[in-house]
Amino acid sequence: MMKNLILSLTIIGNFYCTATQTSNELKDDGIIINKIIDIVCEKEVRPKSVLISEQLLSNLDRYLTSDKNKKSSDSLSLLIEGKWNYLKQIKSDSYSKEWKQFSLPKAVNEKKTIGNKLKAEDLRFSTVQFSPEGTKAFVVYSRTINNISQGTVFFFFENKNGVWIHTAHYVPFFD
Amino acid sequence: MNINSIKCYLIILVCCLATFLSGCKKESTVREEIKIGNASIKHSSLPSKSQMLAQNLSKPCKYWIAGVNGFLEGAPSNPYFDMVLSQINNAGGVLVNTQFDTKQEALNANLTFEQSAVSLAQTYNLTFQPTGIMTDPVSSSCNGDIFDPGGYSGGGIEGGSGTGGNGGFLQVPLRPTITIDPNTRPCLESIKNAVVNAAQISVTMANLLKRVDNDHTKAQNAVLALANNTNISITLGEKTIPYQTITNPDGTTSVRETHGETNPITGSIKLNTLTLNEASDLAVTASLIHEMMHSYFVWGANNLTGEEAMAFSDLNRYLFDQEDGTAHPYNYPELGFMQHWQMGETYVNSMALILLGVANSKGITTSPDPSISLEVYCRDIFWGSLQQTSGLDAPNAARSKTNSEREYKNQSGSTGKNDCQP
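These protein sequence lines are chains A and B, in that order. Position one of the first sequence corresponds to residue 1 (the numbering used here), numbered consecutively onward. Position one of the second sequence corresponds to residue 1001 (the numbering used here), numbered consecutively onward.
It cannot be assumed that every hint is accurate.
[Claimed, not checked] Have a look at the derived ranges for each label pair, beta carbon to beta carbon:
1. Gln101(A) with Thr1402(B): 34 to 42 Å
2. Lys1401(B) with Thr167(A): 51 to 59 Å
3. Asn146(A) with Asn1418(B): 54 to 62 Å
4. Asp74(A) with Glu1334(B): 48 to 56 Å
5. Glu1334(B) with Thr167(A): 31 to 39 Å
6. Gln1421(B) with Lys48(A): 24 to 32 Å
7. Ala120(A) with Val1255(B): 13 to 21 Å
8. Met1310(B) with Thr167(A): 31 to 39 Å
9. Asp1324(B) with Thr65(A): 32 to 40 Å
10. Asn1303(B) with Ser131(A): 21 to 29 Å
11. Glu1375(B) with Ile39(A): 28 to 36 Å
12. Asn146(A) with Pro1182(B): 37 to 45 Å
13. Gln1122(B) with Ser96(A): 41 to 49 Å
[To be verified] Under the rule of at most 20 Å between Cα atoms (straight-line distance), these lysine-lysine pairs were calculated in the PhoX-like manner:
14. Lys1362(B) with Lys88(A)
15. Lys1103(B) with Lys91(A)
16. Lys100(A) with Lys83(A)
17. Lys160(A) with Lys83(A)
Hint data in this document are derived by calculation from the structure and do not stem from the laboratory. Beta carbons are placed, not taken as given, at the ideal position from N, Cα and C, and that holds for glycine.
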């Protein structure tokens, strides 16, 4: 009886911890994506919503296949070789193709929220990739028009004293 | 047989031997005479002497080069002979049909022509030798009097031949500022050289015609800036960039085929191994030109100063902030799109002319699409990529897509694949 009780409490505890962590990460996702929108929509009004899908991480895989035999010394490479080196472990052969719509607050920093500027324009993000200890984050951003990407940007964030700080962003390649 | 007969036989033998040797020497080279102007070519844009006499009585003097002559020589197996001959003939034809406001300008143009022709020939292991150089190659018409020291009217202008400037003439051969990654296939170097040579020819001819700022040389100047500038060091290599299939939010799928990429910080270029394996030589060349333009933008926006920087920003306004005029930083999220937009608006026609020059040098002279010229076909190849990578509107979107795909997939009827084998 006692054994069963302990087992049940352990399961419930684990579930609670996981749920709390997921809830925190979801909250952090929102904070990070809002910060990116502040950067990419600097002189514009904000869109009502953006789209998130894991499959945009294939752009990171593409970047990581560069210079396999040669060590690069540019600042983007240094980030990925340094604090964000956990990114080298996330390569997947089958990213989820699912899209989630993420609604944005009505107004931030006096910028009004309206519908997307062009009817066929989307702001798309990968799922946020947190480091195992939860203090680093990475996101792929892409603006598309008529489902054609206009470019890819890698965003890097660090959590300092509970606040997510934008560390850097890079255009990894021109096609 | 007396001694005189022996002498006679010996003389005949020596003559035969000399003829034989002379014949042998001739077999080792081909030699083509270039003769433009003088009595053989009429000035299509210049008025006749009588017209000049009637019209120019109160007009300022005009000067022109009466004719150009020379020989182009090279090995019979040299595949570039006809192309170089054609280029020199074209340039010479333009030269003798151009009027100049001063005698010095005419002399400068003549000197530039000769230097350009010599350098062009050297680039392709040929020799151009100007001949029949007159003491004064300039003819003129002043207030109705025509001076034609080259022999038209027997008159003459006194004065030396002059040396003049070289009008911005660019020297060849080129310095190796684009390094080839040793792990890449050898064809990339020859394609890169073909691109640089084609750009060099266009600029040389434009210098001759004093049309350095026109639409026909913008991409050529960019390519040469990249290839000739010792302050630039970029690497050209290859890597596999898998074709990406994205499922869109509306359920449709988009396949993104990337032919190459440029590093926004270093400007180094990698062409896609899949493209190198599959595409025609012309499509691979187009990809290289496209990526070289990205590399040029990276370099120009970050390294130029003074008047050069101002000229660069005037020409490439999408790479600069419209409000404060500063260059968009290397991590500006829209920079890739802006560069494509700039290519589409400012460079695509001259990029196509480089591709046309490379095509001609490989013996490709007709368009696989019979409805358009080879030059327009080359343009379509670039527009096809710009549509796919940025969604830019091509002048003829459907045709560009078809023609671009024909070359990138090396489909039946394409210009073919000889250089870059898997």
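Taking the CB of glutamine 1421(B) and the CB of lysine 48(A), does the distance hold inside 24 to 32 Å?
With a Cβ separation near 52 Å, glutamine 1421(B) and lysine 48(A) fall outside 24 to 32 Å, so the hint is violated.
Given the hint that lysine 160(A) pairs with lysine 83(A), test it: the Cα-Cα distance must not exceed 20 Å.
The given pair, whose Cα atoms are some 14 Å apart, holds under the 20 Å limit.
Looking only at beta-carbon atoms, does the pair glutamine 1122(B), serine 96(A) fall within the given range of 41 to 49 Å?
59 Å, violated
Taking 54 to 62 Å as the hint, is the beta-carbon distance of asparagine 146(A) and asparagine 1418(B) inside that range?
37 Å, violated
With a cut-off of 20 Å on the C-alpha distance, tell me whether lysine 1103(B) and lysine 91(A) pass.
The given pair, whose Cα atoms are some 69 Å apart, is violated under the 20 Å limit.
Could you tell me whether the CB distance from aspartate 74(A) to glutamate 1334(B) stays inside 48 to 56 Å?
Given a distance of about 21 Å, which is not inside 48 to 56 Å, the answer is violated.
When you take the CB atoms of methionine 1310(B) and threonine 167(A), is the distance between them in 31 to 39 Å?
34 Å, holds
Does the Cβ-Cβ separation between lysine 1401(B) and threonine 167(A) fall within 51 to 59 Å?
40 Å, violated
Lying within 21 to 29 Å: is that true of the beta-carbon distance asparagine 1303(B) to serine 131(A)?
36 Å, violated
Given the hinted pair lysine 1362(B) and lysine 88(A), is their Cα-Cα distance within 20 Å?
44 Å, violated
Given a hint of 28 to 36 Å, does the C-beta separation of glutamate 1375(B) and isoleucine 39(A) actually sit inside it?
For isoleucine 39(A) against glutamate 1375(B), whose Cβ atoms are near 42 Å apart, the range 28 to 36 Å is violated.
Could you check the hint for me, namely that glutamate 1334(B) and threonine 167(A) are 31 to 39 Å apart, CB to CB?
21 Å, violated
Figure legend: structure checked against the earlier numbered hints; hints not met, in rising order: 2, 3, 4, 5, 6, 10, 11, 13, 14, 15, 16.
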